[in-house]
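Student: Construct all of the structure, not just a fragment, from the sequences and the given hints.
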Amino acid sequence: MAQMTMIQAITEAMRTELGNDENVLVFGEDVGHNGGVFRATEGLQDEFGEERVFDTPLAESGINGMAIGLALTGFRPVPEIQFFGFVFETMDAISGQMARYRFRTGGTKSMPITIRSPFGGGVHTPELHADSLEGLMAQQPGLKVVIPSNPYDAKGLLIQSIRDNDPVIFLEHMKLYRSFREEVPEEEYTVELGKANVKREGSDVTLVAYGAMVHSALKAAEQLEEDGVSAEVIDLRTVSPVDYETILESVKKTNRAVMIQEAQKQAGIASSVAAEIQEKAILHLEAPVMRVTAPDTVYPFTQAEGVWLPDHTSIIEKVESVMNF
Amino acid sequence: MKRTLENIENQFETFQILNEEGEIVNEDAVPELSDDDLKEIMRRMVYTRILDQRSIALNRQGRLGFYAPTAGQEASQLGSQYALEQADYILPGYRDVPQLIWQGLPLYKAFLFSKGHYVGNQMPDGLNAVSPQIIIGAQITQAAGVGIGFKKRGEEAVAITYTGDGGASQGDFYEGVNFAGALGGQNIFVVQNNQFAISVPVEKQSAAQTIAQKAVAAGIEGIQVDGMDVLAVYAVTKDARERAINGEGPTLIETLTYRYGPHTMAGDDPTRYRTEDMNDEWEKKDPIVRFRKYLESKDLWNEDEENKVIEKAKEEIKAAIKEADNTPKQKVTDLMDIMYEELPQSLKEQREEYAEKESK
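The listed protein sequences derive, respectively, from chains A and B.
If you're matching positions, the first sequence starts at 1 in UniProt numbering and goes up one per residue.
If you're matching positions, the second sequence starts at 1 in UniProt numbering and goes up one per residue.
Possibly wrong hints are sitting among the right ones.
Stated by the list, open to error - When the alpha-carbon atoms are kept at most 27 angstroms apart in a straight line, the in silico DSS-like pairs for lysine-lysine are as follows:
1. K219(A) to K175(A)
2. K329(B) to K109(A)
3. K219(A) to K199(A)
4. K329(B) to K314(B)
5. K252(A) to K348(B)
6. K308(B) to K285(B)
7. K360(B) to K331(B)
8. K204(B) to K285(B)
9. K109(A) to K152(B)
10. K280(A) to K314(B)
11. K357(B) to K280(A)
12. K284(B) to K308(B)
13. K204(B) to K284(B)
14. K280(A) to K199(A)
15. K109(A) to K331(B)
16. K253(A) to K280(A)
17. K348(B) to K109(A)
18. K280(A) to K360(B)
19. K265(A) to K252(A)
20. K265(A) to K219(A)
21. K348(B) to K253(A)
22. K109(A) to K204(B)
23. K195(A) to K348(B)
24. K253(A) to K199(A)
25. K253(A) to K175(A)
Claimed, not checked - Computed from the model, here is a short list of chain A residues facing chain B with C-beta under 8 angstroms:
26. L44
27. M91
28. A93
As the list claims (entries may be wrong) - Residues of chain A placed beyond 10 angstroms of chain B at every Cβ, according to the derived structure:
29. G19
30. N34
31. S61
32. S110
33. G135
34. K144
35. N165
36. E188
37. G202
38. M290
Because the hints were derived from the structure by calculation, they are not lab data.
On a predicted model such as this, the values are computed, not experimentally measured, just so you know.
Glycine included, each C-beta is placed from N, C-alpha and C at the ideal position.
Tutor: Spelled out as structure tokens, the structure:
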């Protein structure tokens, strides 16, 4: 076992799959010689050559359109979108095209593509570099949307995503890239897509989070413990499709739930999970399902992000109002 | 300061082999085609014209769904398709159903595509193609990917994609030709310039005098061809294919053509944007009339031959529409089953709901 940061675990996952399957290709802007702007692909071009790990022209729609064509010729592409705020440039290639290919070809052609992309706030980026846009992706049937919260999951989920025969949007929270290390097995392993993880068991309230917010939820849970509130923390890991079974099982035990997302409040993952809980488990609930989210504005890059982003204190406040309802 | 635009534009001439009278005007460029090949090309064009007439009629009777008329564009569509091999990959636009048919798509499937049935999108074994793209230009970046994939695999095959003059204004057009150039794709990009993007004339699409010259900025070959001359279209496509496979890079082909009918059968009225004079002028260039004259001059074609093709087309179309009508209707649960390789937990429940509705 080795101590790894999340970004090292991500590189390791790509190295593993480039080694396992000659059809795996890694490409995007600056991913070749430079190893990616975050060094996620560091060393991969040297190891696997320019035919398999390569720089593309600077055009996001072209990158993902090309990925589709490469998939049609039997490759397993792993394109990178340098920052997920640039996804607007390639919405058609993703939502209009690759997500629909299996359907559009009557189930005869699959799109085994994994689009990796950094996202998430709190790292003082310019505009359109930090936005949480997973909700846009989750609304598109045909896609899977995966967001790891730690190095171990990142490696196992990315290997599984690359092996999956449906298109996966693999979003990497920038704040987690190098914020901590943990034990990550050197050998290959997978983490199932579409399966949530109970990170902490509790009996009074269920906190559902993903990405960096998992850590805020865990921090909140620790403080709540001191106040005598036992919080269960669920890490979704895959935000589309959502593992409702694990969530409902937990809520039926705790009878209270708080949804946590870094994205704006309107039309996100938190809202759809909250709706599902109320449809399926209303009689188990002691209080309304509440949401902790960012406000419905565009992302306030750099200046006001500290206040804009939800954190453990906003989670604690919401839990208190659920407990005292 | 040296100005270059005029010099570049002057170099793009329209390539032609057969003139409007069906006479050879470019002897050196006449492609090597046997008499059987020439007759087969004629047969396909006549058949496709009948298919177009029947499809329009079937659409008006409510027996077909989405349909984009093809008459006028036969030389562009079938001349380029005839230059392909079975290993090649076609990424068509929505008007490019004939190329799929002659490359191996059964007629009833073309009708099912029109009716929005997913079985129409299932290509038979041996046909390397995707179904016609609806989003203008989205197939161009994908075609670059297929062409780059062929190069990576060392395959003797090209990816050919079709769009129109409007499609050449899309960002995806520029991105696709640029990617193919930069990454060495084995590609042919065909722009069928039929003069109008629905109602907007080509002059309003771009300040560029030709669409072919857009190749220059991508560093690839570009050629403008008389798109009503099937021999010329065949010859430039054949040449582009050979160069692509020999590692000499992709080619952008602009075919000058005209659609006689409306944009689609969904209510477009071409009299709002085209004049009778303009229609007459283009009909004088008709690809079938011209090629018939050429073949007749070589004693390869006569009225009898043509009538045989027309009768055969009518019979086959009748059988194919029947087969399409007899295909079991598509269900919502069918669609759910092909959204993902495996049905996700969350969709299973919705599937049960619809399976129950469908069982009633």
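Student: If a hint holds in the structure, say so; if it does not, say that too.
Tutor: Hints versus structure:
| no. | hint | in the structure |
| --- | --- | --- |
| 1 | K219(A) to K175(A) | holds (16 angstroms) |
| 2 | K329(B) to K109(A) | holds (21 angstroms) |
| 3 | K219(A) to K199(A) | holds (12 angstroms) |
| 4 | K329(B) to K314(B) | holds (25 angstroms) |
| 5 | K252(A) to K348(B) | holds (21 angstroms) |
| 6 | K308(B) to K285(B) | holds (24 angstroms) |
| 7 | K360(B) to K331(B) | holds (13 angstroms) |
| 8 | K204(B) to K285(B) | holds (23 angstroms) |
| 9 | K109(A) to K152(B) | holds (20 angstroms) |
| 10 | K280(A) to K314(B) | violated (57 angstroms) |
| 11 | K357(B) to K280(A) | holds (21 angstroms) |
| 12 | K284(B) to K308(B) | holds (25 angstroms) |
| 13 | K204(B) to K284(B) | holds (25 angstroms) |
| 14 | K280(A) to K199(A) | holds (23 angstroms) |
| 15 | K109(A) to K331(B) | holds (19 angstroms) |
| 16 | K253(A) to K280(A) | holds (14 angstroms) |
| 17 | K348(B) to K109(A) | holds (22 angstroms) |
| 18 | K280(A) to K360(B) | holds (26 angstroms) |
| 19 | K265(A) to K252(A) | holds (25 angstroms) |
| 20 | K265(A) to K219(A) | holds (21 angstroms) |
| 21 | K348(B) to K253(A) | holds (24 angstroms) |
| 22 | K109(A) to K204(B) | violated (38 angstroms) |
| 23 | K195(A) to K348(B) | holds (15 angstroms) |
| 24 | K253(A) to K199(A) | holds (16 angstroms) |
| 25 | K253(A) to K175(A) | violated (32 angstroms) |
| 26 | L44 | violated (17 angstroms) |
| 27 | M91 | violated (11 angstroms) |
| 28 | A93 | holds (7 angstroms) |
| 29 | G19 | holds (18 angstroms) |
| 30 | N34 | holds (17 angstroms) |
| 31 | S61 | violated (6 angstroms) |
| 32 | S110 | violated (6 angstroms) |
| 33 | G135 | holds (16 angstroms) |
| 34 | K144 | violated (8 angstroms) |
| 35 | N165 | violated (5 angstroms) |
| 36 | E188 | holds (21 angstroms) |
| 37 | G202 | holds (24 angstroms) |
| 38 | M290 | holds (22 angstroms) |
Taken one by one, the earlier hints fail for this structure at numbers 10, 22, 25, 26, 27, 31, 32, 34, 35, listed in ascending order.
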